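Asker: One-letter residues, chain by chain:
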Amino acid sequence: MADPVPYARDDERAQPPLKFAPFKASIVRAPGHKPIRVPHTLTETTGPSGVDVWEKLMGPAITDLTRQHGGEPLGERIVVSGRVLDENERPVANTMIEILQANAAGRYVHEYDQHDAPRDPNFTGAGRVVTDAEGNYRFITVKPGAYPWYNGHNAWRPAHIHFALMGSAFANRLVTQMYFPGDPLFPLDAIANAVPESARQRLVARFDLETTAPFWALSYRFDFVLRGRNATPMEH
Amino acid sequence: MAGQTPWQTTGPFLHFALPWKGAADLVGDSDLGARPDLIAPGHDYGVAHRFANRESTVGERIELAGRVWDNTGAPVLDYLLEIWQANAAGRYAHPDDTRGDVPIDPAFIGYGRCAGDKDGAFRFRTIRPGRVPGPGNTLQAPHIALGIIGPGFLKRLATRIYFSDAPENADDPILALVPEERRSTLIAVKEPGASNLYRFDIRLGGTGETAFFDI
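Chains L and E are the protein sequences, given in the same order.
Start counting the first sequence at 29; every next residue gets the next number (my numbering).
Start counting the second sequence at 89; every next residue gets the next number (my numbering).
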């Protein structure tokens with residue numbers, strides 16, 4: 029068969045380096061050698077795919093994180109929705125988006141998290157949804173709280189939601205974090221600051237009155253842009 | 089053109105959300121891959137997301153096991169590995185793989201995840217993949233794509249796993265792009281005496297640093 033059409037590469041003006049000294053945990057986990065550029069073969073241009081594959085792999089979708097337990101979680105109920113597109117502004121349909129976050133008090137349901145803030149028996153903070161044919165997704169959750177972390181003196185993470193997108197192929201997977209507009213901790217955050225300044229605001233959601241549910245929940249919009257396919261076939 | 093969304097780290101709390109029970113067992117019904125011991129009581133939503141029929145996957149069963157070390161030689165415990173591979177016939181279950189003459193195996197997806205265990209070890213149960221086409225008219229040696237994410241990783245590290253008992257490695261077009269003295273870092277070594285266990289250690293730096301790929 030003909031060689032597959034390759035994906036665009038990481039845009040260095042948008043992507044963080046592997047090592048960013050202010051983010052201390054990255055120092056010992058960045059490799060010494062620069063990763064070796066290799067052409068995209070079928071291995072890189074394929075990945076889990078198909079209408080039933082996600083449910084087979086991971087189980088049914090969880091789109092309402094406020095309905096996973098007997099009662100409703102505490103905190104500010106929010107809707108987070110948007111689209112998954114590629115760089116050519118084409119929708120990425122039928123792709124898995126996973127979500128994980130702290131509760132409204134800034135505490136995770138994880139044994140490593142020793143922050144002195146309460147857990148909420150009604151909030152786990154894990155979800156997953158598959159994009160529709162137009163690349164749309166939508167979650168209902170609560171706004172996560174900020175929390176302190178070990179990265180130097182008095183460091184606090186801004187409120188954020190982790191997203192992990194499988195993409196359309198092994199090559200264009202994306203794991204990222206979404207932040208909230210106007211957060212005074214955002215400019216101080218060592219993880220957000222690892223991203224080149226010109227692209228950093230792409231990590232901030234947009235408050236959207238239009239999609240807010242009146243008398244029920246505020247709404248934030250956040251679009252993801254995955255690496256797109258090159259227009260021309262790979263050259264050898 | 090729209091600008092790429094930047095990568096960010098998963099953070100250290102990925103275990104309650106990303107690895108499901110059985111995520112590292114692509115061909116059976118074990119709980120391999122997850123860390124339910126790290127999830128606060130009452131929040132282990134992770135039912136075993138298994139689907140029926142995985143045992144009927146065609147191919148030679150193998151296990152891949154190893155550990156991860158940081159660039160100072162200290163063990164990494166809190167990573168998440170992801171694998172992607174072809175089936176035993178060398179077919180990817182994806183629209184890009186248009187070869188109608190190579191069969192899809194309905195019992196096999198080819199994707200798995202494994203969180204490091206309490207000692208930093210991982211183990212996958214899968215099948216040995218078949219050969220898939222490479223650039224031009226080449227054929228690649230059997231291999232498995234591997235990604236590492238987790239706290240401290242601002243972006244995924246990607247590499248590949250090849251097999252020590254595969255003579256096809258000598259002609260593999262991707263291995264050929266790796267400096268010769270580093271190729272052995274991509275070869276899973278068949279454990280002496282064990283019929284189907286391959287060991288693959290990942291070193292983020294220092295002597296024997298694993299060759300990572302910019303894909």
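Among these hints, one or two may not hold up.
[Stated by the list, open to error] Stretches of chain L that chain E covers, calculated by requiring three or more beta carbons in the stretch to come under 8 Å of a beta carbon on chain E:
no.: 1; region: 59-72
no.: 2; region: 84-94
no.: 3; region: 165-172
no.: 4; region: 210-219
no.: 5; region: 231-241
[Said to hold, decoys possible] So these bits of chain E aren't anywhere near chain L, every CB distance computed over 12 Å:
no.: 6; residue: 92
no.: 7; residue: 116
no.: 8; residue: 118
no.: 9; residue: 151
no.: 10; residue: 153
no.: 11; residue: 184
no.: 12; residue: 198
no.: 13; residue: 207
no.: 14; residue: 216
no.: 15; residue: 252
no.: 16; residue: 254
no.: 17; residue: 258
no.: 18; residue: 259
no.: 19; residue: 272
no.: 20; residue: 277
no.: 21; residue: 297
[To be verified] If you want the footprint, here are the derived chain E segments under chain L, 3+ residues with CB under 8 Å:
no.: 22; region: 155-162
no.: 23; region: 190-196
no.: 24; region: 280-294
Hints were generated in silico from the structure; no laboratory data involved.
Nothing here was measured: the structure is a model prediction, and the numbers come from that model.
We put the beta carbon where it would ideally sit given N, CA and C, even for glycine.
Asker: Would residue 277 (chain E) pass as off the interface with chain L, using Cβ distances and a cut of 12 Å?
Answerer: The assertion about residue 277 (chain E) holds, with a minimum of 21 Å to chain L.
Asker: Checking a non-interface call: every C-beta of chain L should be farther than 12 Å from the C-beta of residue 151 (chain E). Is that right?
Answerer: Fine: 20 Å to the nearest Cβ keeps residue 151 (chain E) off the interface.
Asker: With d taken as the least Cβ-Cβ distance between residue 216 (chain E) and chain L, does d exceed 12 Å?
Answerer: holds (15 Å)
Asker: Would you check chain L against the region 155-162 of chain E, counting CB to CB pairs closer than 8 Å, and say if three or more residues qualify?
Answerer: Coverage by chain L holds here, the residue count being 4 at a Cβ distance below 8 Å.
Asker: Cut-off 8 Å, C-beta pairs, minimum 3 residues; does the coverage of the region 210-219 of chain L by chain E stand?
Answerer: violated (count 1)
Asker: Check the non-interface label on residue 92 (chain E): least C-beta distance to chain L beyond 12 Å or not.
Answerer: Given a closest Cβ separation of 4 Å, the condition is violated.
Asker: Taking C-beta pairs only, is residue 272 (chain E) more than 12 Å away from all of chain L?
Answerer: The assertion about residue 272 (chain E) holds, with a minimum of 15 Å to chain L.
Asker: Just to make sure I understand the rule, a stretch counts as covered if three or more of its residues have a C-beta closer than 8 Å to a C-beta of the chain. Does the region 84-94 of chain L meet that for chain E?
Answerer: holds (count 5)
Asker: Within the assertion that chain E covers the region 231-241 of chain L, do at least three residues meet a Cβ-to-Cβ distance smaller than 8 Å?
Answerer: That given contact is violated, which follows from only 1 residues of the region 231-241 of chain L lying within Cβ reach (below 8 Å) of chain E.
Asker: Is the Cβ of residue 259 (chain E) more than 12 Å away from each Cβ in chain L?
Answerer: holds (14 Å)
Asker: Checking the smallest CB distance to chain L, is residue 184 (chain E) really beyond 12 Å?
Answerer: violated (5 Å)
Asker: Confirm or reject the statement that residue 116 (chain E) sits farther than 12 Å, beta carbon to beta carbon, from all of chain L.
Answerer: Since the minimum Cβ distance to chain L is about 15 Å, residue 116 (chain E) lies beyond 12 Å and the statement holds.
Violated hints, in rising order: 3, 4, 5, 6, 11, 12, 21 and 23; the structure is consistent with all others.
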